[in-house]
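Chain by chain, the residues:
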Amino acid sequence: MNPVLELAPLNKQFTLHTQGGRTLEVLQGIELQVSAGECLSLQSPSGSGKSTILRCITGHYLPGPGSHVLLRPRALAHRGLDGALIDLAQANLHTLRLARQFHIAYVSQFLRVIPRVSTLSLVMQPMLREGLAPDQAEPLASSLLERLHLPSALWLLAPKTFSGGEQQRVNIAIALAACLVRPRELILLDEPTASLDQANRDVVTALLKDLRDAGAAMIGAFHDHDTHERLATRTQEVH
Amino acid sequence: MSQPILRAQGLGLRYGSLRAVHNVNLSLDEGECLAIVGESGSGKSTLLSLLAGQQQPHEGEVAYCDRSGMWLNLNTLDERDRRRLARTEWGFVRQHAQATLHPHVSAGGHIGERLMGLGARHYGEIRKTAQQWMARVEMDPSRVDESPSRFSGGMQQRLQLIANLVTSPRLVLMDEPTTGLDVSVQAKLLDLLKRLQEELGLATIIVTHDLGVARLLADQVLVMVRGEVVERGLVDQVFDDPQHPYTQQLVTSVL
Amino acid sequence: MTPQLPFAYLDDQTKRMIRRALLKAVALPGHQVPFASREMPLPYGWGTGGIQVTAAVLGPEDVLKVIDQGADDTTNAVNIRRFFALTTGIETTTTTAEATVIQTRHRIPEHPLKAGQIMVFQVPIPEPLRWIEPRSEETRRMHALRDYGPMQVKLYEDITQHGTIATSYDYPVMVNEHTLMSPSPIPKFDNPKLHQSPALMLFGAGREKRVYAVPPYTDVRSLDFDDYPFEVQRWPQACAICGADNHYLDEIIVDDAGTREMVCSDTDACRARQDQT
Numbered sequence: 001m002n003p004v005l006e007l008a009p010l011n012k013q014f015t016l017h018t019q020g021g022r023t024l025e026v027l028q029g030i031e032l033q034v035s036a037g038e039c040l041s042l043q044s045p046s047g048s049g050k051s052t053i054l055r056c057i058t059g060h061y062l063p064g065p066g067s068h069v070l071l072r073p074r075a076l077a078h079r080g081l082d083g084a085l086i087d088l089a090q091a092n093l094h095t096l097r098l099a100r101q102f103h104i105a106y107v108s109q110f111l112r113v114i115p116r117v118s119t120l121s122l123v124m125q126p127m128l129r130e131g132l133a134p135d136q137a138e139p140l141a142s143s144l145l146e147r148l149h150l151p152s153a154l155w156l157l158a159p160k161t162f163s164g165g166e167q168q169r170v171n172i173a174i175a176l177a178a179c180l181v182r183p184r185e186l187i188l189l190d191e192p193t194a195s196l197d198q199a200n201r202d203v204v205t206a207l208l209k210d211l212r213d214a215g216a217a218m219i220g221a222f223h224d225h226d227t228h229e230r231l232a233t234r235t236q237e238v239h
Numbered sequence: 001m002s003q004p005i006l007r008a009q010g011l012g013l014r015y016g017s018l019r020a021v022h023n024v025n026l027s028l029d030e031g032e033c034l035a036i037v038g039e040s041g042s043g044k045s046t047l048l049s050l051l052a053g054q055q056q057p058h059e060g061e062v063a064y065c066d067r068s069g070m071w072l073n074l075n076t077l078d079e080r081d082r083r084r085l086a087r088t089e090w091g092f093v094r095q096h097a098q099a100t101l102h103p104h105v106s107a108g109g110h111i112g113e114r115l116m117g118l119g120a121r122h123y124g125e126i127r128k129t130a131q132q133w134m135a136r137v138e139m140d141p142s143r144v145d146e147s148p149s150r151f152s153g154g155m156q157q158r159l160q161l162i163a164n165l166v167t168s169p170r171l172v173l174m175d176e177p178t179t180g181l182d183v184s185v186q187a188k189l190l191d192l193l194k195r196l197q198e199e200l201g202l203a204t205i206i207v208t209h210d211l212g213v214a215r216l217l218a219d220q221v222l223v224m225v226r227g228e229v230v231e232r233g234l235v236d237q238v239f240d241d242p243q244h245p246y247t248q249q250l251v252t253s254v255l
Numbered sequence: 001m002t003p004q005l006p007f008a009y010l011d012d013q014t015k016r017m018i019r020r021a022l023l024k025a026v027a028l029p030g031h032q033v034p035f036a037s038r039e040m041p042l043p044y045g046w047g048t049g050g051i052q053v054t055a056a057v058l059g060p061e062d063v064l065k066v067i068d069q070g071a072d073d074t075t076n077a078v079n080i081r082r083f084f085a086l087t088t089g090i091e092t093t094t095t096t097a098e099a100t101v102i103q104t105r106h107r108i109p110e111h112p113l114k115a116g117q118i119m120v121f122q123v124p125i126p127e128p129l130r131w132i133e134p135r136s137e138e139t140r141r142m143h144a145l146r147d148y149g150p151m152q153v154k155l156y157e158d159i160t161q162h163g164t165i166a167t168s169y170d171y172p173v174m175v176n177e178h179t180l181m182s183p184s185p186i187p188k189f190d191n192p193k194l195h196q197s198p199a200l201m202l203f204g205a206g207r208e209k210r211v212y213a214v215p216p217y218t219d220v221r222s223l224d225f226d227d228y229p230f231e232v233q234r235w236p237q238a239c240a241i242c243g244a245d246n247h248y249l250d251e252i253i254v255d256d257a258g259t260r261e262m263v264c265s266d267t268d269a270c271r272a273r274q275d276q277t
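Protein chains in written order, with my numbering: chain C, 1 to 239; chain G, 1 to 255; chain S, 1 to 277.
Extracted from the complex, chain C is given alone in its bound form:
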């Protein structure tokens, strides 16, 4: 089966002009593939390499020269990408935006949202963008928050004052909300269960497992062994 994502290869260096032009080679010649229904767990002794790989895929970090980040998206009528294989490392901004908006879901470690919007609204927004009406999005968003064991008392509050674990669950809900309306081909996970206790970790990994089994291709950086055990179908060492 054709891989949904292939790094053939990925290079990354940082040039620090504010430090006299010093260059840091962070990734060199990284190659990997992931297909639908797989969860590839990235293992590395150092902390930063895994995150950097994930960020380079979406263009959050610019892939270095010689990189090829090959995405095979599902064709969508009237929007998104058209189903042909594309190299995100060479893509223009418009294409990158479409890839992020319609084909790739990204769960990061940090919740970054506009300050005064309620949790429920934040989770509904990606669903509304998918075309759901508000009276459809609200129950779906509510059930997602329930599934993540976020108390309903919190739903109408902005997440700024929540605990770390609560914020992370809101983060996950927002990142995956659109997938519940229309699945994404590729889901990237950057320490999704950091700051979660055991019970909440279970809830999150169960959700992710469902998405994987429904056909998403996943790449994850899992510091937590338990999460790795539950989700990974393959492992790859990266330096």
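Calculated from the structure, these hints are not laboratory results.
The model shown is predicted, which means the values in this text are computed figures rather than measured ones.
A hint or two may mislead.
Stated by the list, open to error - Simulated crosslink set (DSSO-like; lysine-lysine; CA at most 30 Å straight-line):
1) S:Lys209 - S:Lys193
2) G:Lys194 - C:Lys160
3) S:Lys188 - S:Lys114
4) G:Lys188 - C:Lys160
5) S:Lys209 - S:Lys15
6) G:Lys128 - G:Lys188
7) S:Lys188 - S:Lys24
8) S:Lys188 - G:Lys128
9) C:Lys209 - C:Lys160
Following the hints, put chains G and S in place on chain C, whose structure we already have.
Here is chains G and S on its own, set in the frame of chain C:
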């Protein structure tokens, strides 16, 4: 909601021998927010006026895709058509609301002006529409008959904003919309802008010297130095993996 | 000894120039046409525009009526009528129905006009947008692009401030649903007389050097709102002299005690009604 709406190629403008804007390329999608960031004198406001068709470039061109899907070259557009677009499909918000708000015209008159220019002729409905918009941006609708000179700076900016939004524009250009306002007022206005952008599916171009504004609102960022674009990318890339020395300096100097 | 003057004071070249401007004005109803306003034997502000237009259109067979605020017998009306009588030798009249050319300041006669008659209005400020936009470059652009929103906003503000549209004279109109026009400082009471009139309406502004026109049978609509429709003035009284309840009335003080009476502003119409009853 993913089609391009505005494109600029090789855009340039000179004031005598001074190149105010040089070789600027950009592309903006429907619903996308572009921030043009730079210090004063970088050419960002000039670029904005070129993108709004308010000035003719010396080089290059700006093209806009209208509601019917037709691409229009702003350089060759008839003044009549440009004005019509400016009143219906575009909005323009200036830094100082006082420049656009008349003290002798009430809030309702300002909000209703575009509608009246398009032939709206029911006083009661115009006033009610104005009140609905005021409520939407958390202004007190009972103040619809008041002069804007009685409003605070933040309220005046909201008024300027909704006066532009009544005709459901697709593209709103803003020149330093929050500069000069108190920090807490700025924060509220930025929230509002983000929310409205999302709710109304607006494409926006925001000129700002404030990186925080760009980070909060923008999908795409252009960094300008002395009339040229030194970096152009998606907002998280420009902030977290800046390539150009100027951008790196700019980003690391944010408190 | 009366000096030798051309017919109606102006030389042929000038008349030709004014007539060309008037033809253009008639072809573009409501549109202000610039013309090379001449020095006239009376100062600006006294009707030089109207006088030049009248001088340009008068022929030897014409019968001229001149009114000022509706009256044939005010100083200005009398002087202008005498001026033309002297320089043309044509017949003059105070009866509206008999006139072929009627020059007026600030009123349209009550008696309905008929085809073949020409009304010449004296206009101080021809630009209806003047008080909203002082720059003439901008007002010209607004007319060219039919950008009349600000005028409607002004009326909106009137209603907001006063509960009603406050303008009572020189009330702005749309001509042919195309051009915004100032009907000159006639009371709004007279605005409906402009709509689909059989007569030709010519407007002359001498100081501002503009002429404009409304050809016969042209739509002229006073600006308003659907829920605040245009209304003419009404009085509870009738004319104290002739009893008319549908004429425009002036308030005059009739004795040293300060007694006030409402009487017709149109002296000819008042007399005609008296003759009937």
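* **Violated hints, by number in ascending order, as checked against the structure** => Every hint satisfied by this model.
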